[in-house]
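**Q** Following the hints, complete the assembly by docking chain B onto the known chain A.
2 protein chains.
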Amino acid sequence: MAIETLSEHACFGGVQGYYRHASDATRGAMKFSVFRPPQARGGAVPVLFCLAGLTCNEETFAIKAGAQRVAADLGLMLVAPDTSPRDTGMDGATGDWEFGEGAGFYLDATQAPWSQRFRMRSYVAEELPQVVADAFAADVDRAGIVGHSMGGHGALTLALTSPERFRSVSAFAPIVAPTQVPWGHKAFSRYLGEDRNGWETYDACALLRAGKRFASEPLVDQGLADTFLASQLQPERLEAACAAAGQPLTLRRHAGYDHGYFFIASFVEAHLRHHARILLGPQRA
Amino acid sequence: MAIETLSEHACFGGVQGYYRHASDATRGAMKFSVFRPPQARGGAVPVLFCLAGLTCNEETFAIKAGAQRVAADLGLMLVAPDTSPRDTGMDGATGDWEFGEGAGFYLDATQAPWSQRFRMRSYVAEELPQVVADAFAADVDRAGIVGHSMGGHGALTLALTSPERFRSVSAFAPIVAPTQVPWGHKAFSRYLGEDRNGWETYDACALLRAGKRFASEPLVDQGLADTFLASQLQPERLEAACAAAGQPLTLRRHAGYDHGYFFIASFVEAHLRHHARILLGPQRA
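Read top to bottom, the protein sequences are chains A and B.
Per the numbering used here, the very first residue in the first sequence carries number 1; after that it's consecutive.
Per the numbering used here, the very first residue in the second sequence carries number 1; after that it's consecutive.
None of these hints come from the bench; they were simulated from the model.
Any given hint could turn out to be false.
As the list claims (entries may be wrong) - Derived list of chain B stretches under chain A, where covered just means 3 residues or more per stretch with a C-beta under 8 Å from a C-beta of chain A: (1) 7-16; (2) 66-78; (3) 252-264.
As the list claims (entries may be wrong) - Derived Cβ-Cβ restraints for the label pairs, each shown as a range: (4) B/E59 <-> A/E98: 40 to 48 Å; (5) B/G43 <-> A/A225: 49 to 57 Å; (6) A/T250 <-> B/M90: 36 to 44 Å.
Heads up, the beta-carbon is just placed ideally off N, CA and C, and yes, glycines get one too.
The following block holds chain A by itself, in its conformation from the complex (with noise of 0.2 Å):
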């Protein structure tokens, strides 16, 4: 499968670099972006698969969550897609920041025309890590998954229904019970459409009920300054989710800090090593 590379930069002494192909997934040109760690020279390293949030897109995290210095250092190769396919003409697809591209939720859409193009479940759980794997000096079969609320959403429920292919998890401010909250309903009721039944292979704490679990302690940390944090985010939702299932779950509120960039930037370091202890072993982290 082949990839066109974008801009590639020097980087901590490893690569920075963007990329598109075409994706068969969502039938349609897709981007993403790259850290190879030094490592990466040496051998094929573990993938860290890192989803944004709406708005965003493959450059978010590259540019602004600064976790390349401490992936650099522990071996890790970082991997954030697109957060939705683009430029796909559909009536509706642009103008609403909480829907359509920016806005993917990392689902498979059932509902024309949507289910022609958004279907950014089997993009980043299946055909991205073969992407990566056939391009990049990648062990995707040591991968986890990290999110950033939209992001998050999409990691707790990726590692949930795909725990063989994400062996560690974590989040940053996610959205844990979609189908609960109105981030979700907007999106779910579109994409998914009315019939509610649909919607829990993609609610974090719904798999949880349903008997999902993750393959290791996911790490989970939520800003107790977040604007969406009653609204939309809810984290006492996944704590009695995993409480109720025995699932463990490390969830730490940290005052003061909010939903953006540098809340992500302030703890990203503790989610890198949190992910390397399990994909590497604690004596490399």
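**A** Okay, now just chain B, sitting in the frame of chain A:
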């Protein structure tokens, strides 16, 4: 002098903020960003002024350089001004990324109409330190300056002409001899007029030849894959001018690194520790 808080964000135990105020020097509203390290809650801390390059603004360094982690560790305040006055309404002030808004070149223009508003030298060296000292726990008697590209030119020239103000200095890929390269020719001929005698007070190499010296040894990093290296930057001119002047200089060349912020992020920790050694003492850096 009243400043308006645009936003504030918890970051590495400190606060990253964006502010606006009515500037006397530039006769209009100016924005700047400040990172206050946690140590600033206990008293005034040293300040590092951070000057961005062409097309950038007060957000660029704050978002892309990844400097807050080390600043929080060392107890340094980071202050980043915009790169020029904005919304000037002057003919020719917008539409050219190398001149006008976003391209103030850290000088006081002498030519109409620019001399009315484009007075970034006075703004950065005199007005902004006072504004910061009045509003924050900033010890501006312990101040350093760092810059990138056009901002590196600003850092070097301001440190040479105001060594009592800027006791430490460093630069990433600076323009070291603007009187000798196209970026400088274009900007200086408009801001300062065609008489080149007036240009030399804004040229680091010319200032060194004229007897100016830094308060302490500068640290300069330059990537060798920088597309502007030969045409606009020419760090060998700074090396030669320092050598002829007996001015100590640390100039590091980095194979593979380009002109962007992934280069800056890779080496920003060394710069902050360089400033801290001078401003706080070697045992605190």
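**Q** Confirm or reject each hint.
**A** Going down the list of hints, with the structure as the test:
no. : hint                         : verdict
1   : 7-16                         : holds (count 6)
2   : 66-78                        : holds (count 3)
3   : 252-264                      : holds (count 8)
4   : B/E59 <-> A/E98: 40 to 48 Å  : 24 Å, violated
5   : B/G43 <-> A/A225: 49 to 57 Å : 25 Å, violated
6   : A/T250 <-> B/M90: 36 to 44 Å : 55 Å, violated
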